[in-house]
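With the hints as constraints, model all of the structure from the sequences given.
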Amino acid sequence: MGVMSYILEKRPKRLIYLDHSASTPIDSRVLKAMMPFLAEQYGNPSGLHSQARALASALDRARTEVAEVLGCKPKEVIFTSCGTESDNLAIRGIAFSAARAGKGQHIITSACEHHAVSHTIKHLCEHFGFQQTVVPVDRYGLIDPADVKRAIRSDTVLISVIYANNEIGTIQPLAEIGEIGRQLGIPVHTDAVQAGGYLDLNVDRLRVDLLSLSGHKFYAPKGVGVLYVREGIPLLPQQTGGGHEGGRRAGTENVPYIVGLATALKLAQDIRSVENGRLIQLRDRLIRGVQAALPDAQLTGHPTQRLPHHASFVIPGVDASTLLMHLDLAGICAASGSACNTGMSEPSSILLAMGIPPQLALGALRLTLGRSTTMDDIETVLEVLPTIVERLRTTHPNE
Amino acid sequence: MRRLLSKNMRERATVVVAMSGGVDSSVTAALLVEQGYTVIGLMLRLWAACSSQSNRCCTPDSVVAARQVAAQLGIPFYVRDYREPFRRIVVEYFISTYAAGRTPNPCIICNERIRFGLLLEEALNLGAQYLATGHYARVRRTEEGAYQLLRGKDTAKDQSYVLHRLNQWQLQHVLFPLGDWLKSDVRQKALCQGLPVYDRAESQDLCFAGENGDYRAFIAQYAPHLLHPGPLLDTRGNLLGQHRGLAFYTIGQRRGLGIARARPMYVTQLDTARNTVIVGGAEELGRDELFASEVHYISGQKPASPVRVTARIRYKASDVPATLTCLEGDRIHLKFDRPLRDITPGQAVVFYQGDVVLGGGFIE
Numbered sequence: 001m002g003v004m005s006y007i008l009e010k011r012p013k014r015l016i017y018l019d020h021s022a023s024t025p026i027d028s029r030v031l032k033a034m035m036p037f038l039a040e041q042y043g044n045p046s047g048l049h050s051q052a053r054a055l056a057s058a059l060d061r062a063r064t065e066v067a068e069v070l071g072c073k074p075k076e077v078i079f080t081s082c083g084t085e086s087d088n089l090a091i092r093g094i095a096f097s098a099a100r101a102g103k104g105q106h107i108i109t110s111a112c113e114h115h116a117v118s119h120t121i122k123h124l125c126e127h128f129g130f131q132q133t134v135v136p137v138d139r140y141g142l143i144d145p146a147d148v149k150r151a152i153r154s155d156t157v158l159i160s161v162i163y164a165n166n167e168i169g170t171i172q173p174l175a176e177i178g179e180i181g182r183q184l185g186i187p188v189h190t191d192a193v194q195a196g197g198y199l200d201l202n203v204d205r206l207r208v209d210l211l212s213l214s215g216h217k218f219y220a221p222k223g224v225g226v227l228y229v230r231e232g233i234p235l236l237p238q239q240t241g242g243g244h245e246g247g248r249r250a251g252t253e254n255v256p257y258i259v260g261l262a263t264a265l266k267l268a269q270d271i272r273s274v275e276n277g278r279l280i281q282l283r284d285r286l287i288r289g290v291q292a293a294l295p296d297a298q299l300t301g302h303p304t305q306r307l308p309h310h311a312s313f314v315i316p317g318v319d320a321s322t323l324l325m326h327l328d329l330a331g332i333c334a335a336s337g338s339a340c341n342t343g344m345s346e347p348s349s350i351l352l353a354m355g356i357p358p359q360l361a362l363g364a365l366r367l368t369l370g371r372s373t374t375m376d377d378i379e380t381v382l383e384v385l386p387t388i389v390e391r392l393r394t395t396h397p398n399e
Numbered sequence: 400m401r402r403l404l405s406k407n408m409r410e411r412a413t414v415v416v417a418m419s420g421g422v423d424s425s426v427t428a429a430l431l432v433e434q435g436y437t438v439i440g441l442m443l444r445l446w447a448a449c450s451s452q453s454n455r456c457c458t459p460d461s462v463v464a465a466r467q468v469a470a471q472l473g474i475p476f477y478v479r480d481y482r483e484p485f486r487r488i489v490v491e492y493f494i495s496t497y498a499a500g501r502t503p504n505p506c507i508i509c510n511e512r513i514r515f516g517l518l519l520e521e522a523l524n525l526g527a528q529y530l531a532t533g534h535y536a537r538v539r540r541t542e543e544g545a546y547q548l549l550r551g552k553d554t555a556k557d558q559s560y561v562l563h564r565l566n567q568w569q570l571q572h573v574l575f576p577l578g579d580w581l582k583s584d585v586r587q588k589a590l591c592q593g594l595p596v597y598d599r600a601e602s603q604d605l606c607f608a609g610e611n612g613d614y615r616a617f618i619a620q621y622a623p624h625l626l627h628p629g630p631l632l633d634t635r636g637n638l639l640g641q642h643r644g645l646a647f648y649t650i651g652q653r654r655g656l657g658i659a660r661a662r663p664m665y666v667t668q669l670d671t672a673r674n675t676v677i678v679g680g681a682e683e684l685g686r687d688e689l690f691a692s693e694v695h696y697i698s699g700q701k702p703a704s705p706v707r708v709t710a711r712i713r714y715k716a717s718d719v720p721a722t723l724t725c726l727e728g729d730r731i732h733l734k735f736d737r738p739l740r741d742i743t744p745g746q747a748v749v750f751y752q753g754d755v756v757l758g759g760g761f762i763e
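Residue numbers (our numbering), protein chains in the order written: chain A, 1 to 399; chain B, 400 to 763.
If you are wondering where the hints come from, they were derived from the structure by calculation, not from laboratory data. Errors might be hidden in some of the hints.
Quick list of the computed label-pair ranges, beta carbon to beta carbon [said to hold, decoys possible]:
#, chain 1, residue 1, chain 2, residue 2, range
1, B, H627, A, P295, 54 to 64 angstroms
2, A, G129, B, L638, 54 to 64 angstroms
3, B, E682, A, P358, 53 to 63 angstroms
4, B, P475, A, Y140, 45 to 55 angstroms
5, B, L626, A, E390, 44 to 54 angstroms
6, B, D729, A, R288, 52 to 62 angstroms
7, A, E346, B, H732, 42 to 52 angstroms
8, B, D584, A, Q239, 46 to 56 angstroms
For each residue, glycine too, the CB sits at the ideal point set by N, CA and C.
Structure follows, in structure tokens:
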């Protein structure tokens, strides 16, 4: 490559956004469904006048739509502000409720959880006397349900495992784990934030008692989430006030966003069998292309049991933050794992748990596709990425 | 214009700007955007003594400020993790220099090895032709094609002292857009454009030593042997008292010696081998010569010597006329026209001819 770089020469004509696991754009149909509640209908659903009734009715409809997707009763659906809040409410709500009832203080989780789960449990352990068992993952990031079973103690009050992981895309054998909890009467929570737009969310088939979702991962806006809580599972509210959401989550309901989430969730589930097939085709072309161009790049996560839009790698001899900067300047939005732009390079604990050496883990690259992704985009990435990697490997400014 | 680039050429040239969120680097970026360069903002995350604290060159507040400036200017902006090389290169130099009883100047090493070393390489690697910073200094290309480093036009803010170790290759690839600017005009420009106008701590402070730049607290943690008390002698060897540890003293220091004498006493020497502080009267402090080593010449060549120069023995000292004689290897001898009080081993001495930096080295 000459003096002039790919920054100027190879920059694609349009932005290639391959960070859909971080966030997605709002679907135009979703935005359309939201608009009346942003512009014309502004009442508080708790009131009794006509404006309030309109909002209450929209809220009811949204709750029913979400319940249909989850295969649950509408009253088992709690709307929250985000996936992290849903995880916090699930874990803290169950933990404090169980501890108060004298059932115990032991929580089982896995080594490949999002921080919203792992840091919440850590917080309970450090400040409230809870204990945790973290079940390991194999080299694909998979949990062995037998490990979960072995970790159960008489004082275990909650099992919380991720449905599909954000960094590596691996889909866990959730129903098997759910069955273990069900047989012993231990509530099972899953962080389904990454799975939401792509996988089966039927809570009975998944055998889970609590399930977290986040709207902006499936083309709804940021700032709205869902927590499903099975009827009869005791949950101590973490935010008190008015009696919203069945007394389990106080605060005036964010109706426009809730309507957006329900519309987006239904849409995603309606098209997922077709869209997943398209995404898998693109994803597999991307994975094969990267491995052909960079033979030492290693796919992270499971090769097939993974999210349809998710490709992740570790690339030896490359620093992820440097690679992402170069990709960005070349017009490609990518990530290394979970979103982080603080300029601190730390190896991901999930990659370490899978047995990937720390130095190699610093070269993590995640490309997550979406509805707007085309085969042209993939081919452009397959042209630009190897060029950048080669360039970075011939110079090591920080070595 | 130091570089006679036509507007067309500038539009094609890519410049990385080292951004800090402060007024100088923000205005630097704004000027380059105005001039038609393709500009990329980078901010360095540097090492800090306490992991819960930020290096004062990159606090969360300054990251936000720099990011806002970049957004306002419509340029890409990235925070780069330079903690490890900074620790390995600058902090290690600082500690080892201190341990040898010398007074380090980490900014000089940071500029030479981090900013205009690793960051410059990274900038070129990104496809940029230049790295720009908000330093008050100028680069000039002579008719023969050599690069000269000159003082900034604003003599009160001139930063050529901390840049004196740059070589021809580095100077070829740097831009100092503020070199022709007065600080007051920079501030005015920032106000006009709605850019942040606060100043970070001046660069002679220790950015990595935590709150208030207290290097003694830093030494207590990283070089505790420099905090062992020992004898405090006068120049004839008379015991005057105890010192609190060499780290608390510097050449020329008068305050905090803990001794009562009719006339003012100053630290004249720090003897690490014997863990001793030696003090004397004002007349014993002054010296009119020094030797320096690790001397770097901007041109890359030793000048014909002896040669008349003006020399600066500290960042904020004023120039003193002197005669420079090149010695074997990278050593020099400087004979000042009048005695100086605070010639401090470890500090850099930088020599000039008019506004042109000839080079500099470290005082022995």
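Comparing the hints with the structure gives:
1. Evaluation of the 54 to 64 angstroms hint for H627 (chain B) and P295 (chain A) yields a pass: the beta carbon distance comes to about 57 angstroms.
2. For the hinted restraint 54 to 64 angstroms between G129 (chain A) and L638 (chain B), the CB-CB distance of approximately 59 angstroms keeps it satisfied.
3. Our hint of 53 to 63 angstroms for E682 (chain B) and P358 (chain A) holds, since their Cβ atoms are close to 59 angstroms apart.
4. Between P475 (chain B) and Y140 (chain A) the CB atoms are about 35 angstroms apart, so this pair departs from the stated range of 45 to 55 angstroms.
5. Between L626 (chain B) and E390 (chain A), the C-beta spacing of about 50 angstroms keeps the proposed range 44 to 54 angstroms intact.
6. Distance hint check for D729 (chain B) and R288 (chain A): the Cβ-Cβ separation is about 56 angstroms, which falls inside the suggested range of 52 to 62 angstroms.
7. Checking the proposed 42 to 52 angstroms range against E346 (chain A) and H732 (chain B) shows it holds: the Cβ atoms sit about 50 angstroms from each other.
8. For D584 (chain B) and Q239 (chain A), the hinted distance range of 46 to 56 angstroms is satisfied, since their beta carbons lie about 53 angstroms from each other.
The structure is inconsistent with hint 4 alone, although it conforms to all the rest.
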